[in-house]
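Going line by line, the protein sequences match chains Z and B. All residue numbers for the first sequence refer to the working numbering, where the first residue is 795 and numbers rise by one. All residue numbers for the second sequence refer to the working numbering, where the first residue is 8 and numbers rise by one.
I should point out that these hints are in silico values taken from the structure, not numbers from a laboratory. In this text, all values refer to a predicted model and were calculated from it rather than measured experimentally. Keep in mind that the hints are not guaranteed to be accurate.
To be verified - Straight-line alpha carbon distances no greater than 30 Å define the calculated BS3-like cross-link-like pairs of lysine-lysine that follow:
(1) Z:K943 x B:K269
(2) Z:K943 x B:K204
(3) B:K269 x Z:K944
(4) Z:K943 x B:K271
(5) B:K131 x B:K295
(6) Z:K830 x Z:K891
(7) Z:K891 x B:K250
(8) Z:K829 x Z:K943
(9) Z:K943 x Z:K835
(10) B:K269 x B:K78
(11) Z:K943 x B:K73
(12) B:K204 x B:K269
(13) B:K233 x B:K302
(14) B:K207 x B:K271
(15) B:K233 x Z:K944
(16) B:K233 x Z:K908
(17) B:K271 x B:K82
(18) Z:K830 x B:K269
(19) B:K269 x Z:K908
Stated by the list, open to error - Which residues of chain B face chain Z? A few of them, derived with a C-beta cut under 7 Å, are:
(20) G76
(21) Y79
(22) I83
(23) I87
(24) L161
(25) Y168
(26) N236
(27) P240
(28) T241
(29) A265
(30) E270
(31) L273
(32) T274
(33) V275
All residues carry an ideal CB built from backbone N, CA and C; glycine is no exception.
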Amino acid sequence: MSLMKHIYSLKAFLAICSIALATATVSAQCATFVKKKCMPKISPFTQNGQMNTSTLSSGQKTSLNLTFYAGQDYRILVCAQEQLGDVTFKILDMQGKVVFDSPENDYPDFWDFKVKNTQQFIVEVQVPETESTSSVLPSGCVSIVVGFKKG
Amino acid sequence: MKIKKIPFFGFIAISSVFVACSSSSNDSASEDVTDSAVAEAKVRDVNAQNVFYSIPSPIETTSLLKAAGAKYDSKILNPIENVSNYSTVASKALNLGVYGSDLSFTSIYDQTQESMLYLRCANKLASGLGISGVFDETTSSRIEANMQTRDSLLAIISDSYLNADAYLKENGQPGVSSLIVAGGWIEGLYIATQIAKKTKNTGIIARIGEQKSSLENLISLLEAYKTYNESIPTLLMQLNDLKKVFDAIPVTASETTASTNKEKGLTVIGNGNTFNLTPEQLKQISDKSSEIRNKIIK
Numbered sequence: 795m796s797l798m799k800h801i802y803s804l805k806a807f808l809a810i811c812s813i814a815l816a817t818a819t820v821s822a823q824c825a826t827f828v829k830k831k832c833m834p835k836i837s838p839f840t841q842n843g844q845m846n847t848s849t850l851s852s853g854q855k856t857s858l859n860l861t862f863y864a865g866q867d868y869r870i871l872v873c874a875q876e877q878l879g880d881v882t883f884k885i886l887d888m889q890g891k892v893v894f895d896s897p898e899n900d901y902p903d904f905w906d907f908k909v910k911n912t913q914q915f916i917v918e919v920q921v922p923e924t925e926s927t928s929s930v931l932p933s934g935c936v937s938i939v940v941g942f943k944k945g
Numbered sequence: 008m009k010i011k012k013i014p015f016f017g018f019i020a021i022s023s024v025f026v027a028c029s030s031s032s033n034d035s036a037s038e039d040v041t042d043s044a045v046a047e048a049k050v051r052d053v054n055a056q057n058v059f060y061s062i063p064s065p066i067e068t069t070s071l072l073k074a075a076g077a078k079y080d081s082k083i084l085n086p087i088e089n090v091s092n093y094s095t096v097a098s099k100a101l102n103l104g105v106y107g108s109d110l111s112f113t114s115i116y117d118q119t120q121e122s123m124l125y126l127r128c129a130n131k132l133a134s135g136l137g138i139s140g141v142f143d144e145t146t147s148s149r150i151e152a153n154m155q156t157r158d159s160l161l162a163i164i165s166d167s168y169l170n171a172d173a174y175l176k177e178n179g180q181p182g183v184s185s186l187i188v189a190g191g192w193i194e195g196l197y198i199a200t201q202i203a204k205k206t207k208n209t210g211i212i213a214r215i216g217e218q219k220s221s222l223e224n225l226i227s228l229l230e231a232y233k234t235y236n237e238s239i240p241t242l243l244m245q246l247n248d249l250k251k252v253f254d255a256i257p258v259t260a261s262e263t264t265a266s267t268n269k270e271k272g273l274t275v276i277g278n279g280n281t282f283n284l285t286p287e288q289l290k291q292i293s294d295k296s297s298e299i300r301n302k303i304i305k
């Protein structure tokens with residue numbers, strides 16, 4: 795009985811170690827992807843110094859809440875690994891009104907804008923559902939990068 | 008039993024080497040994420056609900072202060088001599104944020120000598136947190152080479168903070184990263200309130216009122232990591248006290264409008280919220296932010 799308990803504990807510990815190891819590896823790979831593939835696209839804006847990156851699979855969503863100040867121009871860049879397909883994004887104000895929807899604007903990966911008054915927006919990113927019949931859903935890194943410059 | 012322990016310790020040893028390698032060779036890491044790794048990470052993402060809370064960078068808020076007409080005043084910054092006072096992880100992280108704001112302030116006002124001194128403070132604290140390759144000699148050389156080009160200078164500072172943020176998140180320390188962000192935001196608010204107190208500049212006072220939503224985002228960010236570091240719950244209590252003052256600010260809200268200039272590729276968002284800060288509320292914010300900031304830098 796005691797031996798079985800030890801084996802179960804060992805299995806649970808190994809499972810936790812595997813998840814921790816996989817998480818660290820994925821996180822490092824996402825950071826590299828963002829630095830190499832996403833950051834160059836934020837120019838001529840200055841990125842805001844924070845990395846908002848997640849690993850998503852088919853059909854999953856991620857969102858970012860951020861304040862945008864009057865007097866600045868902004869770029870919101872949504873950057874995703876190719877295997878995820880056409881990742882879309884929309885910008886909503888705090889009342890839930892959509893102020894920008896990427897599918898309605900020919901699927902750009904960034905949006906440039908300025909606000910007349912300081913505003914908080916929610917950037918909502920959606921990974922499309924896969925049409926594949928494979929049991930393994932495609933997954934990859936998604937990053938929301940915010941850049942600013944003097945307006 | 009012995010037979011069963013051998014593969015277990017073997018696994019731990021291999022895992023340790025694997026983790027060490029992955030954290031020390033980030034630049035050469037493959038861009039392709041393996042299916043098995045992703046399958047495990049999926050669980051984490053679903054649980055975290057995939058919601059990020061971001062705070063404007065110190066460079067952005069300092070730029071706004073300058074645009075509003077603020078004058079440079081070195082006396083309100085955290086003295087560089089204080090850098091040796093910070094021994095805990097939390098005090099190093101918070102003050103890395105504080106010095107980051109001060110570095111942004113000196114750089115935006117072209118104070119070359121002060122910028123180099125604040126860069127050294129940031130370097131010392133980043134090294135103390137085990138963050139390698141940021142605010143180091145390479146950064147210092149890049150800054151020296153770009154002293155005359157303010158935009159490049161600000162981009163270098165932003166890159167350094169992004170790299171620090173990425174390093175900490177890659178290495179399982181997002182709570183430390185959130186403390187750096189918090190320190191930077193609090194110092195930015197402190198600088199703004201000190202200037203507003205002296206000058207009564209209406210542009211700066213308006214910028215202070217607008218920090219209401221950033222404070223809400225900062226609290227949400229810290230809430231997500233409150234179990235990572237014992238200093239976070241204390242800081243959250245102080246920030247929630249500050250939030251009570253901000254919550255009392257009357258907000259005039261109007262429906263947002265959007266118009267796009269297709270040629271320029273720029274959308275202008277009209278209307279939105281206006282924060283009507285009273286002199287008494289400004290004083291309360293100023294007092295509360297000074298209290299929080301002075302506890303951080305002591």
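Okay, the hints, checked on the actual structure:
1. Z:K943 x B:K269: Given pair K943 of chain Z, K269 of chain B holds - Cα atoms ~19 Å apart, limit 30 Å.
2. Z:K943 x B:K204: holds, 27 Å
3. B:K269 x Z:K944: Holds: K269 of chain B and K944 of chain Z sit about 20 Å apart, inside 30 Å.
4. Z:K943 x B:K271: holds, 15 Å
5. B:K131 x B:K295: Since the Cα atoms of K131 of chain B and K295 of chain B sit roughly 28 Å apart, the hinted pair holds (cutoff 30 Å).
6. Z:K830 x Z:K891: violated, 33 Å
7. Z:K891 x B:K250: holds, 26 Å
8. Z:K829 x Z:K943: The given pair, whose Cα atoms are some 20 Å apart, holds under the 30 Å limit.
9. Z:K943 x Z:K835: Holds. K943 of chain Z to K835 of chain Z sits at ~14 Å (cutoff 30 Å).
10. B:K269 x B:K78: Violated, at about 37 Å.
11. Z:K943 x B:K73: holds, 13 Å
12. B:K204 x B:K269: violated, 42 Å
13. B:K233 x B:K302: The given pair, whose Cα atoms are some 19 Å apart, holds under the 30 Å limit.
14. B:K207 x B:K271: It is violated: about 36 Å lies between the C-alpha atoms, which goes past 30 Å.
15. B:K233 x Z:K944: Violated, because 34 Å separates the two Cα atoms, which is more than 30 Å.
16. B:K233 x Z:K908: Violated: K233 of chain B and K908 of chain Z sit about 34 Å apart, past 30 Å.
17. B:K271 x B:K82: Roughly 42 Å separates the two Cα atoms, so the pair is violated.
18. Z:K830 x B:K269: holds, 29 Å
19. B:K269 x Z:K908: holds, 14 Å
20. G76: violated, 12 Å
21. Y79: violated, 18 Å
22. I83: violated, 21 Å
23. I87: Violated, about 21 Å.
24. L161: holds, 6 Å
25. Y168: holds, 4 Å
26. N236: violated, 18 Å
27. P240: Given a least distance of 22 Å, the restraint on P240 of chain B is violated.
28. T241: Since the shortest Cβ distance to chain Z is 23 Å, the answer is violated.
29. A265: holds, 5 Å
30. E270: Not OK, violated: E270 of chain B not within 7 Å of chain Z, min 12 Å.
31. L273: Constraint on L273 of chain B satisfied, holds at 5 Å.
32. T274: holds, 4 Å
33. V275: holds, 6 Å
Going through the hint list in order, the structure does not satisfy hints 6, 10, 12, 14, 15, 16, 17, 20, 21, 22, 23, 26, 27, 28 and 30.
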